[in-house]
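Chemist: Next come the chains, spelled out residue by residue.
There are 2 protein chains.
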Amino acid sequence: MTEALAPGSIIGILGGGQLGRMLSVAAARLGYLCHIFDPSPDPPAAHVAAKLTTAAWEDETALARFAADVDVITFEFENIPTATLDLLEPLRPIRPGRQALAVSQDRLHEKEFLRDLGLMTAPFRAVEGRDDLSAALGEIGAPAILKTRRMGYDGKGQARLESAQDLDMGLAAMAGAPAILEGFVTFSHEVSVIAARGLTGEIAAFDPGENLHKSGILRETRVPARLTSSQRSDAVLIAAKILNSLDYVGVLGVELFVTQAGLIVNEIAPRVHNSGHWTQNGCAIDQFEQHIRAITGLPLGDGTRHSDVVMENLIGEDLERLPELLRASNVAVHLYGKPEARPGRKMGHVNRIHS
Amino acid sequence: MTEALAPGSIIGILGGGQLGRMLSVAAARLGYLCHIFDPSPDPPAAHVAAKLTTAAWEDETALARFAADVDVITFEFENIPTATLDLLEPLRPIRPGRQALAVSQDRLHEKEFLRDLGLMTAPFRAVEGRDDLSAALGEIGAPAILKTRRMGYDGKGQARLESAQDLDMGLAAMAGAPAILEGFVTFSHEVSVIAARGLTGEIAAFDPGENLHKSGILRETRVPARLTSSQRSDAVLIAAKILNSLDYVGVLGVELFVTQAGLIVNEIAPRVHNSGHWTQNGCAIDQFEQHIRAITGLPLGDGTRHSDVVMENLIGEDLERLPELLRASNVAVHLYGKPEARPGRKMGHVNRIHS
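Line by line, the protein sequences are chains D and H. 1 is the number of the first residue of the first sequence in the working numbering; add one for each residue after it. 1 is the number of the first residue of the second sequence in the working numbering; add one for each residue after it.
Calculated directly from the structure, the hints in this document are not laboratory data. Take the hints with a grain of salt, since some may be wrong.
[Said to hold, decoys possible] In silico lysine-lysine, DSS-like type, Cα no more than 30 Å apart, as pairs:
1) LYS51/H x LYS214/D
2) LYS346/D x LYS51/D
3) LYS214/H x LYS51/D
4) LYS214/H x LYS346/D
5) LYS346/H x LYS51/H
6) LYS346/H x LYS214/H
7) LYS214/D x LYS346/D
[Said to hold, decoys possible] Every beta carbon over 12 Å from chain H, so not counted as near; a handful from chain D, in silico:
8) VAL72
9) ASP106
10) ARG160
11) GLU255
12) ARG293
13) VAL309
[As the list claims (entries may be wrong)] What follows is a list of derived Cβ distance ranges for each label pair:
14) SER215/H x GLY201/D: 56 to 64 Å
15) GLY201/H x HIS354/D: 27 to 35 Å
16) THR61/H x ILE217/D: 45 to 53 Å
17) GLU202/H x ARG342/D: 28 to 36 Å
18) HIS213/H x SER233/D: 41 to 49 Å
The beta carbon of each residue, even a glycine, is placed where N, CA and C say it ideally should be.
Model the full assembly from the supplied sequences, consistent with the hints where possible.
Modeler: This is the structure:
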């Protein structure tokens, strides 16, 4: 415990959305205080955090003051501007570190990184313009998905190309941004592993969950996932390989396609992950606490699953089902405190416990 | 749901200790914000609450401003000064209401109230002075416990009288305050029921827990408690009787002695209760959320126990065991964010899950 932050220390969290909010609650449970940095004035995390800085990612004075107030910095989303990180990095430890962010901020780098680790990914090609795209489509074939290399999430910044005729439509959707063309993988289902690596290098993983997406947004995660025991251990070994090679500290989410050829890595997220929300009601230690333990130097917790759980996201108008969900048996409701239920906006989630 | 407070509404909590802290987290999970009122400058609840007022219970301006900011008021401890309640009551609904507080603020009223409901209590006599005490000791016999009628908790304001010779010692311990002499009850063990009553009168109870005290402070609660099924239903019926007769809204804790003659009510607490902390890791809905649901007019939740739990308080130097507890399997650690581990001070608790 020598290296662990003392109780009462302050954790700085970049981003005040629902992930920052649930991280802040977990940090409090371990005796820490959280300071949220977010450009918007009333972010969900501020409702359950000790301190809030409302300032732009470019506000150097506010960033320096924020860093001076906290003992360690973490983040709830990976697309933090490089200049912000440049400013914060010399002032306070950022966990997980720069390398994990660099890899996951760029879809091409991420795929190359995974391939270089010897892991399977979907076929991919870098696309800088019309000629690249034409060649890439020729090699990978259609249908395929064209994605901006940076800043995409929940299905945004993507175009599905059904044939070579969609080439111009795809290029237009990228609006000149560097892109990556990804081939389709035939898979039976998608699972994800939420794994953590501590400050001293120890690794712990939660049971993999099985994910159901709709329109590019996660709808549901079921635990346990349909996996053979060797697939289950493969999934954890893949996550461990990624964590170790990035010298990672914190929780990482790894999305995997289950195929006859084995597990194919779809995507990694250098943070707590929507598909790990089930841990709040299925384990003694949830993914949020596991992340806080890792970045503060506490020992990782025992993430053993005590109950089977189905996590369901409440998106936009799903909130209208709240009265019924509040009355249901063995259902834990988690709302994010967002004022407006816009279509596609994650408003909360529920965990159905099947013990 | 017509009567329920809308998401985004503000709950005012009188008292910012660990109970207020855990109430605030539960309220956020349901989309509410909390405003804590506490005389001390950095109360534990403020680390996870949207707003804090630091002011004395006598500060009329601060109280009025607090009331104007919130939609409903609740409290985390029963000894709120009468003048404070007089001021707040006309401004905002206070839940649970005045009657529950009046009963539980005065040990004599509480015992009389329970007796009038037809419930069993320990024998008791009001003690206003030497003559009363002498007569009461004659009727009840020794050993007996002399307690101040008001403001005692965790073994404070009490004196154990082993014989009539302790009469003067006992009187001195009361320092002139009105007191109550309570006889001892022969019981096999103590259990408690955490029950809730909603705004529309519905009642829900968690499984009774079995409590272990040391030096007047709760050390441990085990669930399930050793009870026959008829004792279990008696326990819930007793709680329901109390809730209904007080037209109660919120969570109530009822401590019961298990005796051969039946269940004897030891004490009631008009709030979330230490012996209900196990619900955080044993149920989909914990006692804190149940309280918030009740006072906001949401439907009560399903408090079914999905796992057996042993809750252990971390008191004072117990915190030194933290490194070991953080490493233990199936142990959920809950710290309160208090800066100093003084002897007898509740610093946190752990829930050991036995699923």
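Chemist: Is LYS346/H close enough to LYS214/H, meaning Cα to Cα at most 30 Å?
Modeler: Holds, because 13 Å separates the two Cα atoms, which is no more than 30 Å.
Chemist: Can you tell me whether the CB distance of HIS213/H to SER233/D sits inside 41 to 49 Å?
Modeler: 46 Å, holds
Chemist: Taking the Cβ atom of GLY201/H and the Cβ atom of HIS354/D, is their distance within the range 27 to 35 Å?
Modeler: Once the Cβ atoms are compared, 31 Å apart, the range 27 to 35 Å for HIS354/D and GLY201/H holds.
Chemist: May I ask you to test the hint 56 to 64 Å on the CB atoms belonging to SER215/H and GLY201/D?
Modeler: 43 Å, violated
Chemist: Does the structure keep LYS214/H and LYS346/D at a Cα separation of 30 Å or less?
Modeler: 47 Å, violated
Chemist: Holds or violated: LYS346/D with LYS51/D, Cα cutoff 30 Å?
Modeler: 24 Å, holds
Chemist: Assuming the hint says 28 to 36 Å, is it satisfied by the Cβ distance from GLU202/H to ARG342/D or not?
Modeler: The hinted range 28 to 36 Å holds for GLU202/H and ARG342/D, with Cβ atoms some 33 Å apart.
Chemist: Is it true that the C-beta distance of THR61/H to ILE217/D lies inside 45 to 53 Å, as the hint says?
Modeler: 48 Å, holds
Chemist: Please verify whether LYS51/H and LYS214/D have alpha carbons no more than 30 Å apart.
Modeler: Judged against 30 Å, a Cα distance of about 38 Å means the pair is violated.
Chemist: Was VAL72/D rightly flagged as not at the interface, with every chain H Cβ beyond 12 Å?
Modeler: Answer for VAL72/D: holds, closest chain H Cβ roughly 16 Å.
Chemist: At 12 Å, judged by beta carbons, does ASP106/D keep clear of chain H as stated?
Modeler: ASP106/D is indeed farther than 12 Å from all Cβ atoms of chain H, at 34 Å.
Chemist: Is the straight-line distance between the alpha-carbon of LYS214/H and that of LYS51/D 30 Å or less?
Modeler: 37 Å, violated
The structure is inconsistent with the numbered hints 1, 3, 4, 12, 13, 14, although it conforms to all the rest.
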